[in-house]
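Heads up: the sequence lines are chains A and B, in that order.
All residue numbers for the first sequence refer to our numbering, where the first residue is 1 and numbers rise by one.
All residue numbers for the second sequence refer to our numbering, where the first residue is 1 and numbers rise by one.
Wrong hints could be hidden among the right ones.
Copies of the same chain look alike in the list, so a pair counts if it works inside one copy or between any two.
Below, a list of computed lysine-lysine pairs in the DSS-like style, where the Cα atoms sit at most 27 Å apart [to be verified]: (1) Lys266 / Lys128; (2) Lys214 / Lys186; (3) Lys158 / Lys79; (4) Lys186 / Lys205; (5) Lys158 / Lys267; (6) Lys226 / Lys186; (7) Lys267 / Lys215; (8) Lys205 / Lys266; (9) Lys267 / Lys205.
Rather than coming from a laboratory, the hints here were simulated on the basis of the structure.
What follows is the residue order along each chain.
2 protein chains.
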Amino acid sequence: MNKAYVHGYDHQENIRLQDQASTLTELLHSDTLYPAGSRVLEAGCGVGAQTVTLARSSPNALITSVDISEASVTEARKKVEAAGLTNVQFQQADIFNLPYGPDSFDHIFVCFVLEHLSHPVEALHTLKNHLRQGGTITVIEGDHGSVYFHPDSEAAYKAIQCQVELQRRAGGNAMIGRELYPLLSKAGYSSIRVSPRMVYVDSGKPELVEGFTKKTFTAMIEGVRKPAIRSGIIEQNLFDRGIKDLYRTTGPDGVFCYTFFKATGKK
Amino acid sequence: MNKAYVHGYDHQENIRLQDQASTLTELLHSDTLYPAGSRVLEAGCGVGAQTVTLARSSPNALITSVDISEASVTEARKKVEAAGLTNVQFQQADIFNLPYGPDSFDHIFVCFVLEHLSHPVEALHTLKNHLRQGGTITVIEGDHGSVYFHPDSEAAYKAIQCQVELQRRAGGNAMIGRELYPLLSKAGYSSIRVSPRMVYVDSGKPELVEGFTKKTFTAMIEGVRKPAIRSGIIEQNLFDRGIKDLYRTTGPDGVFCYTFFKATGKK
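Make a model of the complete structure from these sequences and hints.
Next comes the structure, spelled out in structure tokens:
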């Protein structure tokens with residue numbers, strides 16, 4: 001689990017993840033509701049950007065949130081406590097080596113995690129061991145190959161490609177969203193259903209122009225400026241023009257599209 | 001309105017359009033219902049692929065379907081008669097020079113037409129003259145830049161790009177879907193709402209694998225093989241590999257994504 005440059009490790013990133021979660025909450029999470037008393041594992045909670053939503057939507061579920069980073073777990077715990085939620089317990093743990101027995105959970109929730117793993121099928125397969133027969137897994141991932149916009153811009157695609165390439169070098173896959181069906185299938189889940197969640201932004205939706213195109217997506221790409229230039233993936237001028245062109249899509253005649261994928265499967 | 005190589009002019013294309021319409025009917029048209037007695041203009045009906053659906057969904061609306069091609073109008077009329085529908089009248093006419101007065105229609109419906117026009121804003125603006133105050137326009141277009149799939153393939157994107165390039169050379173825009181908001185806005189419509197209609201296909205949806213990925217999208221790209229190679233846009237081997245790779249996305253672990261855009265606006 002190489003997490004060299006990735007999400008949730010500095011303040012700017014924390015804010016972005018927070019912005020993202022609050023902007024996208026409805027779109028991504030509104031249909032995830034776990035029954036009272038059910039045991040839910042959030043595998044890879046990071047700094048808790050999704051944990052508060054998860055815990056609030058299923059107030060009587062017993063949620064266990066784990067992350068490989070102790071610092072992230074501490075941050076996530078603070079966030080959940082600040083929200084006054086009491087149905088989450090936290091644990092520092094590696095997804096590939098969880099301190100839980102087989103059949104410990106009724107449901108598993110995995111959001112923005114597989115994109116960072118070099119062996120996503122193995123992760124899903126290992127998680128299945130901790131799920132009871134008939135239990136479900138829910139997986140949410142983005143896909144940076146799903147981005148397009150107006151006005152079109154080659155430079156903007158090249159800037160986005162930097163994030164894809166850096167994530168690839170770190171062992172991850174920024175275009176994993178489209179693959180959820182085959183990944184869950186290879187990991188042995190059944191009754192797989194994938195639901196694309198497209199974020200479509202035009203100037204008639206000013207809250208998404210701000211909350212998604214500017215503060216979530218473009219901010220994320222801007223965030224890799226230094227490593228992208230330092231590693232020689234892109235020329236500084238081209239990167240900066242790409243970012244400018246991404247902001248250009250937030251004009252009165254601009255349009256921006258991105259798709260997340262949400263999948264469910266059964267053990 | 002340069003329609004050199006475009007849709008609906010040979011038998012193969014007719015079948016494809018028909019397959020497309022019946023596969024996508026639900027996704028694209030189920031929310032288009034016009035009230036009894038309302039006067040609806042279908043501008044650019046082509047061979048009637050959408051006309052039957054339109055007329056059936058709004059059995060008591062008075063539909064006028066026009067196309068610039070007399071041959072297409074004849075074909076469309078046959079289709080509507082064969083379906084036993086009596087609420088459509090046909091007319092050969094140019095969108096830019098319609099034989100109707102101002103305020104002749106309560107609603108206008110435009111599907112897969114703007115992509116072929118070199119002046120889509122002007123077309124939308126001209127159509128508005130025939131609409132009563134408070135009347136609506138509904139526009140549906142695809143976007144070939146919205147395509148992505150698994151397994152990924154550079155050759156497949158290059159084959160798709162041939163269709164985009166040929167359409168561009170014919171004065172059209174195969175990536176116009178994303179632009180519906182700014183186009184309607186520039187043409188002076190208000191209350192514009194754009195709704196993306198994503199076709200997501202995995203092997204859990206065999207009817208879409210056949211009906212959309214194979215018979216609609218890949219068949220359409222295959223259809224430009226000769227003009228693409230003849231015009232020197234692509235090498236024959238690369239094109240054929242691209243088509244092979246598009247079919248590869250219909251395998252058990254394959255995924256295919258395409259997005260149509262449906263917009264409504266008000267005069």
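Status of each hint after checking the structure:
When the C-alpha separation of Lys266 and Lys128 is checked against a cutoff of 27 Å, the pair qualifies only within one copy, where the shortest distance is 9 Å, while the shortest distance between copies is 51 Å. In this homomeric assembly, Lys214 and Lys186 come within 27 Å of each other (Cα to Cα) only across copies, at 24 Å, whereas the closest approach inside a single copy is 36 Å. For the identical chains of this complex, Lys158 and Lys79 are neighbours neither inside a copy (35 Å) nor across copies (47 Å), given an alpha-carbon limit of 27 Å. When the C-alpha separation of Lys186 and Lys205 is checked against a cutoff of 27 Å, the pair qualifies only between copies, where the shortest distance is 17 Å, while the shortest distance within a copy is 39 Å.
When the C-alpha separation of Lys158 and Lys267 is checked against a cutoff of 27 Å, the pair qualifies neither within a copy, at 40 Å, nor between copies, at 39 Å. In this assembly of identical chains, Lys226 and Lys186 lie within 27 Å of each other by CA distance neither inside one copy nor across copies; the values are 37 Å within and 39 Å between. Taking the shortest Cα distances, Lys267 and Lys215 never come within 27 Å of each other, neither inside one copy (37 Å) nor across copies (34 Å). Taking the shortest alpha-carbon separations for Lys205 and Lys266, only the inter-copy value of 17 Å comes in at or below 27 Å, while the best intra-copy value is 36 Å.
Taking CA atoms no more than 27 Å apart as the test, Lys267 paired with Lys205 passes between copies only; the shortest distance there is 20 Å, against 39 Å inside one copy.
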